[in-house]
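For the protein sequence lines, the chains are A and B, in the order given. Sequential numbering from 1 applies to the first sequence in our numbering. Sequential numbering from 1 applies to the second sequence in our numbering.
Don't take every hint at face value.
[Unchecked claim] Listing some non-contacts, in silico: residues in chain A with all C-beta distances to chain B over 10 Å:
hint : residue
1    : Tyr41
2    : Ala48
3    : Pro104
[To be verified] Distance ranges between label pairs, derived from CB positions:
hint : chain 1 : residue 1 : chain 2 : residue 2 : range
4    : B       : Asp375    : A       : Met46     : 25 to 31 Å
5    : A       : Ser103    : B       : Asp186    : 54 to 60 Å
6    : B       : Trp89     : A       : Thr68     : 57 to 63 Å
7    : A       : Glu58     : B       : Glu193    : 40 to 46 Å
8    : B       : Asp46     : A       : Glu109    : 28 to 34 Å
Treat the hints as calculated values from the structure; they're not laboratory data. Note that the Cβ used here is the ideal one computed from N, Cα and C, for glycine as well.
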Amino acid sequence: MATLTEIRWHGRGGQGSKTASILLGKVASKTGKNIQAFPEYGPERMGAPVLAFNRISENELTVHCQVTEPSIVVVLDPTLLEVVDVTEGVPEDGTIIVNTNKSPGKIKEKLDFAGEVFTVDANEISTYELGAPFPNTPMLGALIKATGILEFEDFKVQIKKEFEKKFASKPEVIEGNMNCIDRAYQEVRN
Amino acid sequence: MSNQVALTGNEAIANAMRQINPDVVAAYPITPQTEIVQIFSQFVADGEVDTDFVTVESEHSAMSASVGASASGARAMTATAANGLALMWEILYIAASTRLPIVMPVVNRALSGPINIHCDHSDSMGARDSGWIQLYAENAQEAYDNTIQAFKIGEHEDVKLPVMVNMDGFIISHAVENFNILADEDVQEFIGEYNPEHTLLDAENPITVGPIDLQDYYFEHKRQQSEAVKHAKKVVAEVAEEYNELTGRGFSYFEEYKLDDAEVGIVALGSTTGTAKAAVDNLRDEGIKAGLLKLRLYRPFPAEEITEALSNLKVLAVLDRAETFSDTGGPVFADIRSALYNADSEIEAVNYIYGLGGRDTQVDEIEAVYKDLQDILESGEVEERVQYLGVRE
Chain A
1 MATLTEIRWH GRGGQGSKTA SILLGKVASK TGKNIQAFPE YGPERMGAPV
51 LAFNRISENE LTVHCQVTEP SIVVVLDPTL LEVVDVTEGV PEDGTIIVNT
101 NKSPGKIKEK LDFAGEVFTV DANEISTYEL GAPFPNTPML GALIKATGIL
151 EFEDFKVQIK KEFEKKFASK PEVIEGNMNC IDRAYQEVRN
Chain B
1 MSNQVALTGN EAIANAMRQI NPDVVAAYPI TPQTEIVQIF SQFVADGEVD
51 TDFVTVESEH SAMSASVGAS ASGARAMTAT AANGLALMWE ILYIAASTRL
101 PIVMPVVNRA LSGPINIHCD HSDSMGARDS GWIQLYAENA QEAYDNTIQA
151 FKIGEHEDVK LPVMVNMDGF IISHAVENFN ILADEDVQEF IGEYNPEHTL
201 LDAENPITVG PIDLQDYYFE HKRQQSEAVK HAKKVVAEVA EEYNELTGRG
251 FSYFEEYKLD DAEVGIVALG STTGTAKAAV DNLRDEGIKA GLLKLRLYRP
301 FPAEEITEAL SNLKVLAVLD RAETFSDTGG PVFADIRSAL YNADSEIEAV
351 NYIYGLGGRD TQVDEIEAVY KDLQDILESG EVEERVQYLG VRE
């Protein structure tokens with residue numbers, strides 16, 4: 001892993017991009033990394049395109065400016081590809097992971113992006129496992145597989161602890177969310 | 001004992017408040033501060049603190065309730081930002097002149113107008129002459145540490161002044177970062193018990209609080225207030241040293257970053273100082289002798305110590321995240337230039353106003369400031385004393 005990894009999450013307000021970035025940050029923190037997780041600063045806007053960010057580093061993180069050149073981009077909603085340039089600032093050797101039922105080849109062509117493109121049908125996975133499309137947790141599994149930024153077994157142990165805190169009042173959804181992560185990890189492809 | 005956690009700046013301060021367990025918290029919401037009192041209200045509801053949680057109808061009332069509580073001998077806190085701080089204005093001065101050690105986190109946000117919810121320092125900088133002690137933080141860790149230290153500073157018998165704990169809105173308040181949280185009992189032991197000398201509730205020793213004070217004594221009382229501020233400087237350093245013994249962290253007035261042999265330097269406060277450290281590192285790799293002085297204590301202003309720390313510099317830029325509309329630069333610049341004048345310093349000092357209304361400031365923009373300083377160093381000429389960094393013109 002590079003000394004510093006910067007990640008940008010694209011979602012629509014309500015899909016959980018901020019939650020995904022915070023969960024990833026907290027899990028990475030537990031595995032001994034220095035982390036930042038923050039949303040695009042602005043009013044809550046249900047359904048509108050929103051951003052969230054991570055910095056994950058072996059070294060102390062002092063910068064407090066925005067992430068402008070992320071090496072990893074996660075897209076929680078396939079319709080965003082029509083309205084947002086998700087490749088903006090991403091270097092040619094970067095990685096873009098998209099929630100879609102389309103093939104990586106098709107998305108790579110559509111984005112005209114030289115780097116690696118991964119796809120996974122996170123809506124299908126979460127609808128099956130949780131009864132509704134919550135793409136953020138499956139995309140965490142896909143992210144770990146596509147980038148290897150954290151060791152998967154460590155990630156699972158720690159994210160389960162985060163779910164146990166987050167879903168203390170509805171523990172019945174923990175297993176479904178863990179299944180989402182597992183399945184997306186298995187099913188994501190490039 | 002301490003423990004690493006990953007929380008937002010607002011969560012960090014709310015947890016510091018939980019560990020302090022103040023007697024009274026007066027709460028009124030305003031973005032980006034709202035989470036602090038919201039999270040704290042959950043601690044109250046869950047019985048994790050013994051605090052009387054007073055939900056008031058405005059910030060003017062929040063500060064008034066804090067004044068009343070503090071005058072009664074309670075440890076009182078409130079928290080605010082931007083226009084909320086502006087609405088407290090009248091009572092800010094009353095809290096300070098009544099010598100009440102209230103502690104207030106301010107989550108820095110641009111003051112309207114135009115209306116804006118994002119970070120700059122126009123709110124707290126406007127309050128710099130209100131008589132409050134002001135501490136600033138680079139990150140969640142420092143915001144947490146400053147909150148813990150604030151009561152111990154303000155309540156000291158030689159001080160008795162309110163303390164404003166500043167933290168950058170959204171950039172720190174809403175970002176999750178790693179920081180170390182102390183054990184609850186260590187915080188309690190550190191801050192100790194509060195035994196005020198005079199309180200409204202001490203029926204054996206009745207006092208009057210806030211009476212009219214005309215030509216005969218007003219001036220003497222203001223003079224005493226000035227003396228208390230002087231004492232605060234010494235106490236801030238003592239408390240910081242004690243905190244350092246407990247945690248291994250912190251510094252008294254400012255942090256010096258690669259300043260020892262620096263020729264070009266920046267003075268700044270708040271979260272951008274972290275970004276400036278990255279700029280310093282990059283420039284050092286290029287062989288440029290860049291350094292940074294990050295202010296923690298802004299009121300009182302540690303002028304002599306600052307000029308001593310800067311004495312090896314040749315050219316200096318002060319970064320201000322607030323405008324004074326004096327046409328002579330930002331508030332920190334005015335203080336630094338005055339301090340340099342007192343020290344007979346020959347350092348050339350320029351000013352950059354940056355980041356107003358939450359405008360992002362990137363590492364390369366700060367590097368460009370250092371490059372400007374290099375140009376001044378080489379040419380010996382200052383073309384523009386006050387500039388605006390990152391604005392479209």
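Going down the list of hints, with the structure as the test:
no. : hint                            : verdict
1   : Tyr41                           : violated (4 Å)
2   : Ala48                           : holds (17 Å)
3   : Pro104                          : holds (31 Å)
4   : B:Asp375 x A:Met46: 25 to 31 Å  : violated (49 Å)
5   : A:Ser103 x B:Asp186: 54 to 60 Å : holds (56 Å)
6   : B:Trp89 x A:Thr68: 57 to 63 Å   : violated (38 Å)
7   : A:Glu58 x B:Glu193: 40 to 46 Å  : holds (43 Å)
8   : B:Asp46 x A:Glu109: 28 to 34 Å  : violated (53 Å)
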